[in-house]
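Peer 1: Starting from the known structure of chain V, arrange chain G on it as the hints suggest.
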Amino acid sequence: MNPLNLTDAMRLYKVLKPHLPKYKEGEEALEYFSKITKNIRTSGRHRDYVEAVSIMVGMPVKDIIQFESMEILQTFINGLTENRIISLVEFAQQVGYDG
Amino acid sequence: MAKSSSVVLTLNNQEYTIVRATLRLWLQLEDYKEKVSRSAESGHIDNMVDAIYAYISAVLVDIEPEEIPWYDVVETFYKLVMLNVPSFEFPLLQSVIDNHRFNWDYEGRTWYIWLNILSSKGWTIEYISQLDIDDAIGIAQEIAIDKQLELETQWAMSEKSVSYDKKGKGKFHPLERPSWMRPMAKELNMAKLPDDMLPKGILLSWRRDDEPPKPN
Numbered sequence: 005m006n007p008l009n010l011t012d013a014m015r016l017y018k019v020l021k022p023h024l025p026k027y028k029e030g031e032e033a034l035e036y037f038s039k040i041t042k043n044i045r046t047s048g049r050h051r052d053y054v055e056a057v058s059i060m061v062g063m064p065v066k067d068i069i070q071f072e073s074m075e076i077l078q079t080f081i082n083g084l085t086e087n088r089i090i091s092l093v094e095f096a097q098q099v100g101y102d103g
Numbered sequence: 008m009a010k011s012s013s014v015v016l017t018l019n020n021q022e023y024t025i026v027r028a029t030l031r032l033w034l035q036l037e038d039y040k041e042k043v044s045r046s047a048e049s050g051h052i053d054n055m056v057d058a059i060y061a062y063i064s065a066v067l068v069d070i071e072p073e074e075i076p077w078y079d080v081v082e083t084f085y086k087l088v089m090l091n092v093p094s095f096e097f098p099l100l101q102s103v104i105d106n107h108r109f110n111w112d113y114e115g116r117t118w119y120i121w122l123n124i125l126s127s128k129g130w131t132i133e134y135i136s137q138l139d140i141d142d143a144i145g146i147a148q149e150i151a152i153d154k155q156l157e158l159e160t161q162w163a164m165s166e167k168s169v170s171y172d173k174k175g176k177g178k179f180h181p182l183e184r185p186s187w188m189r190p191m192a193k194e195l196n197m198a199k200l201p202d203d204m205l206p207k208g209i210l211l212s213w214r215r216d217d218e219p220p221k222p223n
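The listed protein sequences derive, respectively, from chains V and G.
As numbered in my numbering, residues 5 to 103 make up the first sequence, in order.
As numbered in my numbering, residues 8 to 223 make up the second sequence, in order.
In short, the hints are calculated from the structure, not lab data.
A few of these clues could be false.
Claimed, not checked - Heads up, simulated DMTMM-like pairs for lysine to aspartate or glutamate below, C-alpha to C-alpha not over 20 Å straight-line:
id: 1; chain 1: G; residue 1: Lys86; chain 2: G; residue 2: Glu166
id: 2; chain 1: V; residue 1: Lys21; chain 2: G; residue 2: Asp69
id: 3; chain 1: G; residue 1: Lys40; chain 2: V; residue 2: Asp102
id: 4; chain 1: G; residue 1: Lys42; chain 2: G; residue 2: Asp57
id: 5; chain 1: V; residue 1: Lys21; chain 2: V; residue 2: Glu31
id: 6; chain 1: G; residue 1: Lys42; chain 2: G; residue 2: Glu22
id: 7; chain 1: G; residue 1: Lys42; chain 2: V; residue 2: Asp102
id: 8; chain 1: V; residue 1: Lys21; chain 2: V; residue 2: Asp52
id: 9; chain 1: G; residue 1: Lys154; chain 2: G; residue 2: Asp172
id: 10; chain 1: V; residue 1: Lys18; chain 2: V; residue 2: Asp102
id: 11; chain 1: G; residue 1: Lys40; chain 2: G; residue 2: Asp153
id: 12; chain 1: V; residue 1: Lys21; chain 2: V; residue 2: Glu94
id: 13; chain 1: G; residue 1: Lys86; chain 2: G; residue 2: Asp69
id: 14; chain 1: V; residue 1: Lys18; chain 2: G; residue 2: Glu73
id: 15; chain 1: G; residue 1: Lys86; chain 2: V; residue 2: Glu94
id: 16; chain 1: G; residue 1: Lys40; chain 2: G; residue 2: Glu183
id: 17; chain 1: V; residue 1: Lys39; chain 2: V; residue 2: Glu75
id: 18; chain 1: V; residue 1: Lys18; chain 2: G; residue 2: Asp57
id: 19; chain 1: V; residue 1: Lys18; chain 2: G; residue 2: Glu48
id: 20; chain 1: V; residue 1: Lys21; chain 2: G; residue 2: Asp53
id: 21; chain 1: G; residue 1: Lys86; chain 2: G; residue 2: Asp141
id: 22; chain 1: G; residue 1: Lys174; chain 2: G; residue 2: Asp142
id: 23; chain 1: G; residue 1: Lys42; chain 2: G; residue 2: Asp53
id: 24; chain 1: V; residue 1: Lys42; chain 2: V; residue 2: Glu75
id: 25; chain 1: V; residue 1: Lys66; chain 2: V; residue 2: Asp52
id: 26; chain 1: G; residue 1: Lys154; chain 2: G; residue 2: Glu114
id: 27; chain 1: G; residue 1: Lys40; chain 2: V; residue 2: Glu94
id: 28; chain 1: V; residue 1: Lys18; chain 2: G; residue 2: Asp53
id: 29; chain 1: V; residue 1: Lys66; chain 2: V; residue 2: Asp12
id: 30; chain 1: G; residue 1: Lys42; chain 2: G; residue 2: Glu114
Unchecked claim - Stretches of chain G that chain V covers, calculated by requiring three or more beta carbons in the stretch to come under 8 Å of a beta carbon on chain V:
id: 31; stretch: 56 to 63
id: 32; stretch: 113 to 123
id: 33; stretch: 129 to 138
id: 34; stretch: 174 to 186
Glycine included, each C-beta is placed from N, C-alpha and C at the ideal position.
The shape of chain V in the complex, shown without the other chains (with noise of 0.2 Å):
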């Protein structure tokens, strides 16, 4: 998986704004990814999750689904950490948009 360009780095910061905890200094990468994870599942709002999926490789949400859940979190996981997904929270907050 190659990481995103800005454009697609910005839909994906759209998509998951809503599922997006507060970073906590310090905090645990994969804690924090957990909570993202948590938080799709509690809002059940699932369609983003396989359309966050679908920006991180470049694929179409109809063929995401075709997936195994497991390899498809794994892919959520690790598309999260190539497109520092962490860093991309704060460029937006820099630049003062709110998704």
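Peer 2: Chain G alone, transformed into the frame defined by chain V:
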């Protein structure tokens, strides 16, 4: 002290040494930078990204920012912005920006405003466009000060600058100055409060709701 005049960037494993922009390019970059903030705050994210790409492409012509990871693009953008910050806090640039747009405004007009100001020195377009930004802003500010002081002299000599009361006593009304030329607000002096103005008695605080109050 003047800021560093160049920065080294690494993109796609290639090093680029970028020098500070001269006036014409700098004005273009400032327009893009302003568009980045405006678009982000109004939620027009595509316009924000386009403005960042345009900023980078104006400096690094061989680069295609849409093919670079977002974090490298953002880092490059910030480094270029820092490189192109004027070395001094010119009051002229601190003036309140009026967002009101005139009928005669158009995109790219800023360059012609600056050209109009600086060409009063008899310089050519090419010379002005290549001016160092500190020099250009500094000189533009001096021209604006000269112009304002000249107008103030003319105003002071005109009848309009004085009003008369019923007794015929005149009162001078100075010409209003632009916001960046007005006196700055004085900093407040920190003064020690006299003892008789301090609260009397023992100050009490509560550590927990269930604890009795303790004296400090």
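Peer 1: Look at each hint and say if it fits the structure.
Peer 2: Verification of the hints:
1. G/Lys86 <-> G/Glu166: violated (54 Å)
2. V/Lys21 <-> G/Asp69: violated (33 Å)
3. G/Lys40 <-> V/Asp102: holds (18 Å)
4. G/Lys42 <-> G/Asp57: Holds: G/Lys42 and G/Asp57 sit about 9 Å apart, inside 20 Å.
5. V/Lys21 <-> V/Glu31: Distance ~18 Å between V/Lys21 and V/Glu31 Cα, so the pair holds.
6. G/Lys42 <-> G/Glu22: violated (28 Å)
7. G/Lys42 <-> V/Asp102: Answer holds: G/Lys42 to V/Asp102 is near 16 Å, not above 20 Å.
8. V/Lys21 <-> V/Asp52: holds (10 Å)
9. G/Lys154 <-> G/Asp172: Since the Cα atoms of G/Lys154 and G/Asp172 sit roughly 31 Å apart, the hinted pair is violated (cutoff 20 Å).
10. V/Lys18 <-> V/Asp102: holds (9 Å)
11. G/Lys40 <-> G/Asp153: violated (30 Å)
12. V/Lys21 <-> V/Glu94: Satisfied, since the Cα-Cα distance of roughly 12 Å is no more than 20 Å.
13. G/Lys86 <-> G/Asp69: Holds, at roughly 18 Å.
14. V/Lys18 <-> G/Glu73: Since the Cα atoms of V/Lys18 and G/Glu73 sit roughly 18 Å apart, the hinted pair holds (cutoff 20 Å).
15. G/Lys86 <-> V/Glu94: The given pair, whose Cα atoms are some 17 Å apart, holds under the 20 Å limit.
16. G/Lys40 <-> G/Glu183: Status violated; Cα separation ~31 Å.
17. V/Lys39 <-> V/Glu75: Given that 20 Å is the threshold and the Cα spacing comes to 19 Å, the pair holds.
18. V/Lys18 <-> G/Asp57: holds (17 Å)
19. V/Lys18 <-> G/Glu48: Cα-Cα ~14 Å, so holds.
20. V/Lys21 <-> G/Asp53: holds (16 Å)
21. G/Lys86 <-> G/Asp141: holds (18 Å)
22. G/Lys174 <-> G/Asp142: violated (51 Å)
23. G/Lys42 <-> G/Asp53: holds (11 Å)
24. V/Lys42 <-> V/Glu75: Since the Cα atoms of V/Lys42 and V/Glu75 sit roughly 17 Å apart, the hinted pair holds (cutoff 20 Å).
25. V/Lys66 <-> V/Asp52: Holds, at roughly 13 Å.
26. G/Lys154 <-> G/Glu114: With a Cα-Cα distance of about 26 Å, the restraint between G/Lys154 and G/Glu114 is violated, given a limit of 20 Å.
27. G/Lys40 <-> V/Glu94: OK: G/Lys40 and V/Glu94 at ~18 Å, within 20 Å.
28. V/Lys18 <-> G/Asp53: Judged against 20 Å, a Cα distance of about 12 Å means the pair holds.
29. V/Lys66 <-> V/Asp12: Distance ~19 Å between V/Lys66 and V/Asp12 Cα, so the pair holds.
30. G/Lys42 <-> G/Glu114: Satisfied, since the Cα-Cα distance of roughly 11 Å is no more than 20 Å.
31. 56 to 63: Held - the stretch 56 to 63 of chain G has 3 residues with a Cβ nearer than 8 Å to chain V, which meets the minimum of three.
32. 113 to 123: violated (count 0)
33. 129 to 138: violated (count 0)
34. 174 to 186: violated (count 0)
Figure legend: structure checked against the earlier numbered hints; hints not met, in rising order: 1, 2, 6, 9, 11, 16, 22, 26, 32, 33 and 34.
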